[in-house]
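Top to bottom, those sequences are chains V and G.
Every position in the first sequence, counted from 1, becomes a number in our numbering once 166 is added.
Every position in the second sequence, counted from 1, becomes a number in our numbering once 166 is added.
Certain hints may be false.
Treat identical chains as interchangeable: a pair holds within one or across any two.
[Stated by the list, open to error] Capping the alpha-carbon separation at 16 Å, the derived lysine to aspartate or glutamate pairs in EDC-like fashion look like this: (1) K396 - D294; (2) K171 - D541; (3) K301 - D233; (4) K363 - E493.
Quick caveat, the hints were computed from the structure, so don't treat them as lab data.
Number of protein chains: 2
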Amino acid sequence: MEGQKTIGIVGGGQLGRMLTMAAHSLGFKVIVIDPSDNCPASQVGALQIKAGLYDGEALRQLAKLADHITVEIEHLETKILKKLSKSNVSINPAPETIELIQDKYEQKNFLQSKGIPVAEFKKIDNYDHALEVLKDFGGKMLIKSRHGAYDGRGNALVTSRRVLQKKFAKFANRELYAEKVINFTKELAVMVAKDIKGNIKTYPLTETVHHRNICSETLVPARVPANIQKKAFSLVNKTVKHLKGSGVFGIEMFLEGEEVLINEIAPRVHNSGHYTMNGCLTSQFEQHIRAIAGLPLGDTALTSPAVCMVNILGERDGPTRVKGLHEALSVPRTYVHIYGKSPTKVDRKMGHINSVGDTIKQARSRARQARKHIDI
Amino acid sequence: MEGQKTIGIVGGGQLGRMLTMAAHSLGFKVIVIDPSDNCPASQVGALQIKAGLYDGEALRQLAKLADHITVEIEHLETKILKKLSKSNVSINPAPETIELIQDKYEQKNFLQSKGIPVAEFKKIDNYDHALEVLKDFGGKMLIKSRHGAYDGRGNALVTSRRVLQKKFAKFANRELYAEKVINFTKELAVMVAKDIKGNIKTYPLTETVHHRNICSETLVPARVPANIQKKAFSLVNKTVKHLKGSGVFGIEMFLEGEEVLINEIAPRVHNSGHYTMNGCLTSQFEQHIRAIAGLPLGDTALTSPAVCMVNILGERDGPTRVKGLHEALSVPRTYVHIYGKSPTKVDRKMGHINSVGDTIKQARSRARQARKHIDI
Numbered sequence: 167m168e169g170q171k172t173i174g175i176v177g178g179g180q181l182g183r184m185l186t187m188a189a190h191s192l193g194f195k196v197i198v199i200d201p202s203d204n205c206p207a208s209q210v211g212a213l214q215i216k217a218g219l220y221d222g223e224a225l226r227q228l229a230k231l232a233d234h235i236t237v238e239i240e241h242l243e244t245k246i247l248k249k250l251s252k253s254n255v256s257i258n259p260a261p262e263t264i265e266l267i268q269d270k271y272e273q274k275n276f277l278q279s280k281g282i283p284v285a286e287f288k289k290i291d292n293y294d295h296a297l298e299v300l301k302d303f304g305g306k307m308l309i310k311s312r313h314g315a316y317d318g319r320g321n322a323l324v325t326s327r328r329v330l331q332k333k334f335a336k337f338a339n340r341e342l343y344a345e346k347v348i349n350f351t352k353e354l355a356v357m358v359a360k361d362i363k364g365n366i367k368t369y370p371l372t373e374t375v376h377h378r379n380i381c382s383e384t385l386v387p388a389r390v391p392a393n394i395q396k397k398a399f400s401l402v403n404k405t406v407k408h409l410k411g412s413g414v415f416g417i418e419m420f421l422e423g424e425e426v427l428i429n430e431i432a433p434r435v436h437n438s439g440h441y442t443m444n445g446c447l448t449s450q451f452e453q454h455i456r457a458i459a460g461l462p463l464g465d466t467a468l469t470s471p472a473v474c475m476v477n478i479l480g481e482r483d484g485p486t487r488v489k490g491l492h493e494a495l496s497v498p499r500t501y502v503h504i505y506g507k508s509p510t511k512v513d514r515k516m517g518h519i520n521s522v523g524d525t526i527k528q529a530r531s532r533a534r535q536a537r538k539h540i541d542i
Numbered sequence: 167m168e169g170q171k172t173i174g175i176v177g178g179g180q181l182g183r184m185l186t187m188a189a190h191s192l193g194f195k196v197i198v199i200d201p202s203d204n205c206p207a208s209q210v211g212a213l214q215i216k217a218g219l220y221d222g223e224a225l226r227q228l229a230k231l232a233d234h235i236t237v238e239i240e241h242l243e244t245k246i247l248k249k250l251s252k253s254n255v256s257i258n259p260a261p262e263t264i265e266l267i268q269d270k271y272e273q274k275n276f277l278q279s280k281g282i283p284v285a286e287f288k289k290i291d292n293y294d295h296a297l298e299v300l301k302d303f304g305g306k307m308l309i310k311s312r313h314g315a316y317d318g319r320g321n322a323l324v325t326s327r328r329v330l331q332k333k334f335a336k337f338a339n340r341e342l343y344a345e346k347v348i349n350f351t352k353e354l355a356v357m358v359a360k361d362i363k364g365n366i367k368t369y370p371l372t373e374t375v376h377h378r379n380i381c382s383e384t385l386v387p388a389r390v391p392a393n394i395q396k397k398a399f400s401l402v403n404k405t406v407k408h409l410k411g412s413g414v415f416g417i418e419m420f421l422e423g424e425e426v427l428i429n430e431i432a433p434r435v436h437n438s439g440h441y442t443m444n445g446c447l448t449s450q451f452e453q454h455i456r457a458i459a460g461l462p463l464g465d466t467a468l469t470s471p472a473v474c475m476v477n478i479l480g481e482r483d484g485p486t487r488v489k490g491l492h493e494a495l496s497v498p499r500t501y502v503h504i505y506g507k508s509p510t511k512v513d514r515k516m517g518h519i520n521s522v523g524d525t526i527k528q529a530r531s532r533a534r535q536a537r538k539h540i541d542i
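Sequences and hints are given; from them, build the entire structure.
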C-alpha cells in the first residue's frame, strides 16, 4: 500500500513475531533487526535487517525506514536509539526507560527512590564486600548480574562462603549486586499499557510459576484476596507512571505475607502476557502496537472466567518437529501457538498453550494436559 | 523448521491472508497461488506462486510442495484438483464440493434433491423460455449466471420484458437460471465447520445486511425467535452433512415469514464469519486450518453477548491510504482489520471492523461509528 506506515522492531524472535502479526492486522508494514537466518518474525512477513541488536548502522537504517520503532528485548544499543529519537521516528518505550531497565541494580535504585517496595538489595564491589553483604543478609542471598540477564541466566543463589567463591569465579568481569532472598508465597505479574498521552490500562493480576527460573505457567486471575490485588495494582500504576514512553510493560512481583514487592520490569510485551491472546479482548501484542503507534488502547477485560498459559519449552537438542498437535487441540478450549524456531534446545521457548475455562483449576488442567501431548 | 507441514491455499486475497496468519500461529508454513503482485497473503509471510487460479501447472507445483491444500474462493480449476486429490496431498473441501458450488444452478438442484427448502428456480434455455418463466414467476424474477458470480456480480432483477431484453444482451454467452424473488424479512447466515471425521461445529446464527449485493454488516446473534433458530440450524446441519470434505462453510439463508430457505453455500471461510476473529473462542480462520489439516475443531462459543462486523469497502478509485485509524480505535471494544490491498476501488473489500458489546444495538453503533472514521 502506498503511504503505509512502518513499524520497526529491534529483535525478531517470538515476541517480534507476535507483534508483527498484530501490526499486519492493523495495516502496518513491519521491519525487524535480528541476527538469525529466517528469524520467527521474518517467517510471518516482517522484512529483516540481518544484524545484531547492538549494531548502530542497522539501527540507523531502521530509523530511516520506519515511522515507529519499538523493541522486543531490552538488551540492545540505547545510545544510538537516544540520538535517533530526536529525528522523525518515534521510539517507544523511551530509550532512557530501556537503559534504566538494562541495569538491574539501577532499576532497583529507581524503584526504591520512588517509594516502591522492593527486596532489600546491595551493590557488590568486590569479593570481600560480597562476604560482608552475605553476613548482613543472614548467610543467604541472591547475586545477580546487573546487565544482560534474563530467564535466570546471570543469577545465582549463594548460601555459603564456598558457593560465593564459585559464583564469583563464574561471574568474573560482570558487575554484580546482591538481593535478599524473599520467602514469597506467590509470584505475581501484571501487564500494563500506556499510550503516548500517558493513559494507562492494566490487564488482570496473574500468578506466574517458574521452573529453573523460566516462566512455565501463568494463571489468570490471580487467586489472592482483594486487599492484595489492590496493593499490587497501586504499585503497578505508581511504577508505570514513572516510566517514560508508551508501550506495554510487564511488571513482576513477589507476594511475601501481606506485602507486595516489585521484582522487575520488562519494558515490552512479556511471556506472562501471552494468555491475553486467547483470554482478553485485546492481546498484549495488539495493545503494544497501538501504544507505540500513537493509537488509543484497547479494552483489557478477560473474555473467559479463567485462563492458563503453559510454555512449550524444548526438552532436547536437535531439529524441531512438532508432534502431538492433534491430541493437544482435542483438549477443550485450548489454543497452541508455535514460534517456528529451529533447532529446539533444552528450555528454549518454542511455543505456548493457552487454555480457558470456568475456573483456574479447569483451565490449568486443560493446558497441562495439552502440554503433555506436544513433543517439539 | 525441519519437517514443518505446509498448507497450500488457492488464492491469496484477504481470506488467504487471514488463513495464513492462523496457520502460522499453529506452526504451519503457507504457500498460496495468486496472480497479483504482493498479494495480501504474501504480505504476511505466505510464499506465493504467481499464477492464475485456473493454472494447472501451478496447482501441480502446489501439490508437490504442500501437505494440505485448501481454497479461499470457489472459482478455480477443479478437474486437476480432483486428480491431485488421489496423490499424497489432502485437498479440502473435496474438489467435487467446490465443483458443485461453482454452478449455482446445480447447487440449487442438489439442495432441492436433499429436501432442503430453496427459493423456486428454473433453468433458462433461451430468451423465449425466459419470457415464459418471467410470466410463471408473476412478472418478477432474478436471473443469475450459473458460473463465476459473487457479490451480486452476474445477478440481475428482471421486472419487465424490456429489462429482460437488456439483461440478456448483457449476459450473452453466460449460462443462466431464474429464481423467484423472495420477500425476505431478514438474511441469515451461519458458519459451520466439519472436521475430516465428519464432526460438525456450528457458529452462532447471524443476520447479514447487504448493500448493492455486497455484505456490509453481520449482526450476532441473530434477533429471531427460538423456532426460527432451530429451523435454521437444522437446515444447516442437514446441508453440511451432504458436502464432501472438511473445512469451514458459510451458509446464507433467507427468512420469509416463518420459513427459512437456503440461499447459497460458500465452501470456505466467508465474509459473514469475520466477526469470529474478535467475537468467538476460535476464529473461522483457525477453525478452517484445523479442519483441513485433520486437526480437531475448536470451540465456537461467543466471548461477548453481541458482535457486529462492518465491512470497510473502498469509496473511491486510487492509491490506498489508511486514515482515521486513531479515531476508529478510540471507539470502545472495537477492532480494525486492514487487508493491505492497493489500489482502493469503489466497493473493493479493503478491511473490516469488529465491535463487541452487551447488545446488538451497542455493538452495531460502535462498529458504524468506527467505520465512519476510516477513510481508505
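Now the hints, each set against the structure:
1. For a Cα distance limit of 16 Å, the shortest separation of K396 from D294 qualifies neither inside one copy, at 41 Å, nor across copies, at 79 Å.
2. In this assembly of identical chains, K171 and D541 lie within 16 Å of each other by CA distance solely across copies; the values are 15 Å between and 39 Å within a copy.
3. Proximity of K301 to D233 under the C-alpha cut-off of 16 Å is found in neither arrangement, the shortest distances being 52 Å within a copy and 63 Å between copies.
4. For the homomeric pair K363 and E493, the shortest alpha-carbon distance between copies (15 Å) is at most 16 Å, but the shortest distance inside one copy (46 Å) is not.
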